[in-house]
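Student: Just need the whole structure built from these sequences, with the hints factored in.
Spelled out from the first residue to the last, the chains are:
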Amino acid sequence: MSFLSLQVNKSGRSVLMTGNEAITRGAIEAGLGYAASYPGSPTSEILANLGRLAKEYNFYAEWSVNEKVAIEEAAAASFAGLRSLCIAKQNGLNVALDSLVSISISGIKAGMVLVVGDDPGAHSSTNEEDSRLLSKVVHIPILEPSTPEEAKEMTLAAFQLSEKFKLPVTLRCVTRISHASGNVTLGEVEAVNKEAIFAQKDRFVTNAALHQMQEVKLAKLRQVADTLPFNTYFGPQNAKTIIIASGPSTLYALEAIDALDLENEVGVLKLGMTWPLPEKFLLEHLKHAEKVIFIEEIEPFNEENVMVLAAQHISKIYPLEFYGQRSGHVAGPKGPGIGEMDPDKVKQSIARVLGVDNKSEETDAKSSAKSETSDVPVREMAFCAGCPHRASFWAMKSAVALDGRKAVILGDIGCYSLALRRTGWTLPQTMHAMGSSAGIANGLGKLDRFNFKQPVIAVVGDSTFFHSTIPALVNARYTGAHFLLIVLDNGTTAMTGHQPHPGMSKNAMGEIVEGLQIEEVVKGLRIPVVTQDPFDLQGTTTVVLKLLRTEGTKVLVLRQPCALVAAKASTRPRVYINQEQCIGDDCGCSRFCSTTFSCPATIWDPLKGKAIIDEVVCNRCQVCVSLCPQGAIKVEEGANFGR
Amino acid sequence: MEQSKMPSWLRKEVMESGDCTRCGLCVGLCPYIKTQHEHVAFIHDCSRVDGNCYRVCPRTQTNWVDLDRQVFGTERTDHGLGNYLKVLYARSLNKEITRAGQYGGVVSTLAAYMVESGQSQAAVLTRGEDNGPPTPYLARNREEVLACSGSNYSASPSLSILNTGVFEGLEDLTTVGRPCQILALRKMQGLNEASQHNPSARKVNFMIGLFCFWALETEFYSFLQIKTEGERILRLDIPQNYLVATTEKGNVQVPIDELRAFVRPTCLRCFDPTAEFADVSVGSTENDPEWNTLVIRSSKGQEIVNRVCTAGLLETKPYPEERLPLLLSAVYKKKKRVLEGLKQGKGYMYLNLNSDYAKGIEEGGTGL
Amino acid sequence: MAAKVLNIIVTGVGGQGNVLASQVIATAAVDSGYYVSVGETFGASQRGGSVASHIRVSQIKPYGPLIPRGEADFILGFEPLETLRTFRDFGNSSTQVIMNIRPNYPLGVLLNEDHYPDIAVLTGGLRRKSQRLWDLEATELAVGLGLPVGTNMVMTGAFAGVYALQIQLETYETILKGMFDREILTLNLAAFRAGVKAVTI
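Residue numbers (my numbering), protein chains in the order written: chain A, 1 to 643; chain B, 1001 to 1368; chain C, 2001 to 2201.
One should not assume that every hint holds.
[Stated by the list, open to error] With a cut-off of at most 35 Å between alpha-carbon atoms, the simulated DSBU-like pairs for lysine-lysine come out as follows:
(1) A:Lys397 - B:Lys1005
(2) A:Lys446 - B:Lys1227
(3) A:Lys397 - B:Lys1227
(4) C:Lys2061 - A:Lys136
Honestly, the hints are just simulated from the structure, not real lab data.
Tutor: Structure follows, in structure tokens:
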């Protein structure tokens, strides 16, 4: 957000940074040579900022086609002696996992850090997934920052550890680190030799025999963990109750203890390196404790690992009781491990375990605020005003209804997954991982031999098309699957904040490149492809209907720029509703524009009983103009609008 | 509020049950019902509890007696052909039309006369597409009318284009339609509600009804493509017991029995093969391809036919006495079958007749 | 600042620019020597969802990025419904509120299934329950200045103008000068000053 702070170059100065900016800064201070990523909340801003700073600090940054390629590139840079960074969200690590498993086995050369952004509470995700489990599978260490400041420090430390042990190191962030801001103290940018060379003696290969080496590395790392400053203990030295926390939960725990007046009774053990565990350090504190409370986000990862350690040493630390997700004590309203932690959940959990009064529950002031009488309607996510996806899905809905054979629409990952909600008339019947719609369409599209008669539509975005849809198209061509792939091409990776992708003529570093046309790729596979403007609803409906009635694999590209990009770039004329022509509830439309089409810019004026356009919200796409049965929605005359 | 006028019931009772005649009059009244490629469908459930779409549908509750009174000011005496003034043989005197049109070219002549004389701004027709279903067409001059001539046998929702024309500001329109379409127009004209929205049927100043005993599903065109081996079809006709498709490489004949699979089920429930509520109804003669059957029903129909004859564009002759029982027999046969279905509750519930009308059908045609 | 920590929530709807406003406020606080933590959610929720930034300012130590329920000292509401929602969850009788009174209707209201509270009733309720409410037509002020997207700067100015934090207006303006250029800067500064004025008179 505040890119400003990244431009400050005064060592020792404290600036406001988001966790993502702190990691960006940390990587630069560590002498980064190469960075690769695919966008995904909550970590998208790291590579976006690296791209902008690449020239100034002499490193390379790219938005890769997907995370598998990104991690392979980062490994390549490391093999050639450059410190490298790969950034992904939890789902992105899933995509990269196959490669990461073997990169861990082969080992690396220069420091290679993997930043994974987990999204507890799934603010911007389809799932809550604890990526730490995967790093454990891969046999690589995990650092978990608890503040943006620590995120920067850990980035630096991660490069050192990685280089020392010739292993990638995971920096596991959560949304409340990546998208939180705090004071960060700037350090010096390390002067690193960035000469790339693949030494003739070097071999980086995957071989089961190297498993032993991985275990040796982990054993050494276990000892290093005991000395790392990120693992610390706050509170009375012989506290009978200790809280083991990691990530931002640490601060919630400290605040809760303060609020519950337990500073003199309860200690907080902050785990900064959560794999492998600092075993000596942990055992030291487990010895004086009688009760241990685990607070962490998503899975009981620390909880289970520490419990195994405790079981191993039970004779030395007995008696000891464990409270956490497994015991059900540390939980939000939906149950243990579900949703993100917050200060209230943590305080309640601690109060529950210790049987103390959770003072904050109902003070007079708070009950006063809550007794505010009127109901507060929820605010559902919806397509933006002027979003081409609204038009595209309406055309699909129309074509499917007219086709009448109960076509199955398969959803995918992007802004358009909002179609699963009411804003897209809940049209998609499946949604899984990036590109999955095309894979599922491959399956359904060959069930005709089992009397399957429904047409199949897979819907992907432009970035998703490049990320992982192309292999499914190759498969469809090879196996003769009957389906229509609709690519909603809004010319950007919109959901995550408009990052460039291979179809665009700009790269992460702002350089002009030759964009790859989706149609070219499809034509190369000898699959028929049609291009259409989704704002022409009638035309789009006709094309979709026609393609639904055509055998084989077909691709339709619906091209119209993202409304948020178009709104910034264009001087489209004003759209308004002629108040004489709108006949309100007398119309047969049943408030179509404001309710059914539900563009946030078209609102209902309850006083006049007519529809009006909220001009502050309207992005002037003009699609509603063609939908009003009274022709009451007008475009201001005299203005010019070409598309 | 009568619950049964809800648009959602139209969806359930008429569209999803396959009873939709595809007249097209509900298309364009609102943004919820759309048509493409002869299909008519609800795109989205409309929350209205009362919709004109339901009221004007030829397959929702229709009171035959009231419609007779509304259109002709009187109940009928002839339960076979309905209200009419004259039944005649007629044909065009214009060579251009008789060459392009089917049989006597009466429909094209009347429609062309209406737009050419300026009495109508446009005529609602269908225009043949290469080898596919025809598309609804608004003909605004003689050439455009003639471009629409020739028979087709599927159910084009052509009234949708009437709504478009009225939406665009056209005032007086001639409409050529199947009996179900004429019925829908009359139902809309008879709406009591002071309605601001698009009562397009009130802009129709001349209704030419077509005889229609059944229409075919759109899939018929794909079937035909196989029969004609993809050749461009220039003309379709059903002279006797087979369909003749004329292509550049000659005629292809298809036995009528092969078409039965494509007859739309809703047509079997149709009570009105001769467009009883039109100003004039036009059909073939079944024995003379040079002529059409012309039923003049309303005084307006009579007036316009008179003008067209005076202008030397059309000639008529008496309907051969021996042929009338044949026509009536076919009509009664269809009506009795529907009435029987109605009694057995086989989904013919739209039809609302009084006892006189029902008795008229039961007793009609017996002496033929 | 008497208390250990001042808890500020900036709340609104995705796309209103409230994240930027929270960054300006937080940067001003850091530049004035405070410990600051900001917790915010952006990403998918910018698509018409509720967006709230928690800003925690302290002279003592860094706090966690989320404010406990009922403990907001200040709410800067870009949209009435979101202000009410935030006040119900995080407000108390000593909370101060600045609210833009222009509604942005949620999907449920557009669909005619939910009822948007009457603005006068909502404002009256907040005025009664909170310690102080400043209600202003921030969007109209921004539109009037020729910068319809300038609601966030008007609101930032309003926050600066009530001096919940002892930060000089120049500190905010310096930050804006680092963020914008030329005519865009002029417009944003005008919006910021209009916000200051709206709460000063």
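Student: If a hint holds in the structure, say so; if it doesn't, say that too.
Tutor: Against the structure, the hints:
Under the criterion of a C-alpha separation no larger than 35 Å, the hint pairing A:Lys397 with B:Lys1005 is consistent with the structure, at around 24 Å. About 29 Å separates the Cα atoms of A:Lys446 and B:Lys1227, which keeps this hinted pair within 35 Å; it holds. Straight-line distance between C-alpha atoms of A:Lys397 and B:Lys1227 comes to about 34 Å, which keeps the hinted pair within the 35 Å bound. The hinted pair formed by C:Lys2061 and A:Lys136 meets the criterion: a straight-line CA distance of about 34 Å does not exceed 35 Å.
The structure agrees with every numbered hint stated previously.
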